[in-house]
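Dock the two chains into a complex; use the hints.
For the protein sequence lines, the chains are L and U, in the order given.
When you line the first sequence up against our numbering, it's residues 1 to 159, in that order.
When you line the second sequence up against our numbering, it's residues 1001 to 1281, in that order.
Keep in mind that the hints are not guaranteed to be accurate.
Stated by the list, open to error - The calculated lysine to any residue pairs, modelled on SDA-like cross-linking and capped at a C-alpha distance of 25 Å, are:
| hint | chain 1 | residue 1 | chain 2 | residue 2 |
| --- | --- | --- | --- | --- |
| 1 | L | Lys-59 | U | Ala-1059 |
| 2 | L | Lys-88 | L | Gly-131 |
| 3 | L | Lys-150 | U | Asn-1105 |
| 4 | U | Lys-1177 | L | Val-151 |
What the hints assert, rightly or not - So these bits of chain U aren't anywhere near chain L, every CB distance computed over 10 Å:
| hint | residue |
| --- | --- |
| 5 | Asp-1037 |
| 6 | Gln-1151 |
| 7 | Asp-1155 |
Hints in this document: simulated from the structure, not taken from any laboratory.
Using N, Cα and C, we set each Cβ at its ideal position, and we do this for glycine too.
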Amino acid sequence: MSLIVGVSDMKVSDDTEATLVTYSLGSCIGVAIYDAVARVGGLLHYMLPESSLDPEKAKKNPFMFADTGIPALFKAAYKLGAKKQRMKVIVAGGAEILDQKGVFNIGKRNDAAIRKMLHRNNVIIDYNDVGGVVNRTIKLAVNNGDTWIKVSGKGEKKI
Amino acid sequence: MSDIKSIIKGIDKLKPIPQVASKVMSIARDPESSMSDLSKVIVFDTAVTANLLKVANSAYFGLHDKVDSVHQAIVHLGMDQVVDLVVISASSENLKSAQEGYDLNAGDLWKYSVSSALIARELAEKKEANEINLIFTAALLKDIGKVILNQYVKDSFDKINALVTEQNFTFREAEKKVIGIDHAELGGMVAENWDFSPQMVEIIRNHHLPQKSSISEFESSIVYIADTICMMMGIGVGSDGLAYRFHQEVVERLSLSDRDFQKVISGFCEKLEQVYSMIRI
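One chain only, chain U, in its complex shape (with noise of 0.2 Å):
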């Protein structure tokens, strides 16, 4: 078993998130807050500021006319959203590259972790969630964790892989008894790290959903499912496979039928090629 105390120090090689990503996701949890609140804290940072002008104008939203001030691209998208391309545009430093542990090429964990982030906010609108850039958020970076146990993983596939082949574990279960710590429990611990809320940390770390949630058990499950439906399309899959555990019972608290995985995956489809050259901007 590898050290843990060094493994968790791995969270300081991380590039930190940006202050915006923190302020914008504060702002979106205040019911009281405006759009001139978000545009201003936004307006600051004019690396995130050009990255949400290029991406607003992608043919992602196809909008019609074009959009050159962070007011016009909140008008146009609306707060959630705008809040949701920040934290995209913050977050992209730490996930672009490649993990070779889980046999991912660079951009791999990207691609997964946007069309997680999509697919979840898709799900959360139609279960008419109240927190969607708590679930938007939450599935953009519930692999984060992977960034850090990548090398581990690498270090210890063969075992890891030995406990999913033979023995029914799942790849999360197998790396908490190989290497000791889970990707999502150690991904649980870098959102507390970026203080982020603890609804976040605790969706992050339960993302597989190992145990009934105490605090956020919708969110999670929406973020559970968003992530089952891309390994399902093969969005971000890497030598871990498709190795975790369905859960029915989830799915049918969500009331979600296997037509709506279906339509959900073939809409997603549709949009692929378009959400891809959105993030390569």
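Next up, chain L with everything else stripped away, as it sits in the complex (with noise of 0.2 Å):
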């Protein structure tokens, strides 16, 4: 049974016939969290890297930013009996138009803001597959914490 998780949403689950797919996230940034011994997983598909853009936004929809979506989605896995020091954690998007510099590279930023946010809270990325003009699809499977990334016109690989 696939669970998609839209933009700007997340989804957790201990069902292990579950798998959790988000589709096509151009700048746009995947975070998918996996801990084997709960067999929890969850996924989180956010837009922009701060909630100070529109405060009354992230209060309806935390799942838009990195810094309001990042802490719920392990809130929520936690919830499900989900342990920190267990999570696997990997991080797809964050694609780039080529020549976008600086602040207007919204992928590189939502990047450097989920890397922050996990340096520093101790959380140790295991898998990475951001950057450069592709676009990604990510993919979990609950069972197992298989998962597996997309890149549009290049096919799927399992990491």
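Put into structure tokens, the structure is as follows:
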């Protein structure tokens, strides 16, 4: 069963039949987390780095932003029994348009936001497939934590 | 290199754009035209009328009263918006199908086209553009060339991809180099074939801003930025990825900041489900 995580959306699951998937990330970031002991998985698809852009929107939908979405993802997984120290973390997306520099490079800023946040919380990123000009889709099987990243036009690889 | 003539012949395989679309576009260009001129043209096309009413009543517009005539739709939504909806309704046939060469599933190109058009409209309003309908329609149809070029991109994908990944080509430049024509150029030809205005032809041909535009620079820039924002949001992005050039000088000329980009992204994101359900109607 596929549980689709939309744009600015997050889902966690302990249903071992479920596969979490989020499509077409562009400059957005997909964060997949998995605790193999609790067999709990979660997937977040955020679009922008900082909720200070619009605190009202962040309140309504914390999954739009890195700084509100990432804590919400981890907390939701903890509720299902996952533990921080066992969490495997996979990050995908954050693509950029050619020559997109500085503040306009939202993909890079999205990537920097998660690195900073996880580093500060002593969480290691186990696998990272970000940047470049390619479009990615990420999929996580709740059963065993298997994760796939599909690059548009170039097929899917298991990681 | 493929035979350009036979690629161009592919234009004939597109479904012709319904007459009503061209008529409402010329009404939109005419400052003298009235609500009843617009209404008269639309009611003759029953399919477009039915679709217009469904869309006008969709959650996207959130109207309190139910709209059950073209006239009421114009009163509630305004002429500009109704023109846009007629053009949307008239364009869906060509843009809904899957484009395997670009790794786009059925509906992807359609969502992309409508999203680009809505974002272009928002930017055009923000920048107080005069020709909002022109900008909207050009953004909606900018990738019509992909529908024709799709098969050729599929056949030559490895060569195109090699230029993008190894030689810093944009995907459009690589299409041109490998196939001999690119999707924007071809889209301009489609617009010409459909007797669209010279401005429309130019904006579609120029929507990646390969060079300075001569007659519709401002409008092309708006469409270009709407397209850029869609790509960043991952809307309609396929095998071409985000491999197009970012022109910061264009963004700065329009006095748009990164914050403006993010505001458009977050605002559009909130409407996304409503937009998608509106165009599925």
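Checked against the structure, which of the hints given earlier come out wrong?
none
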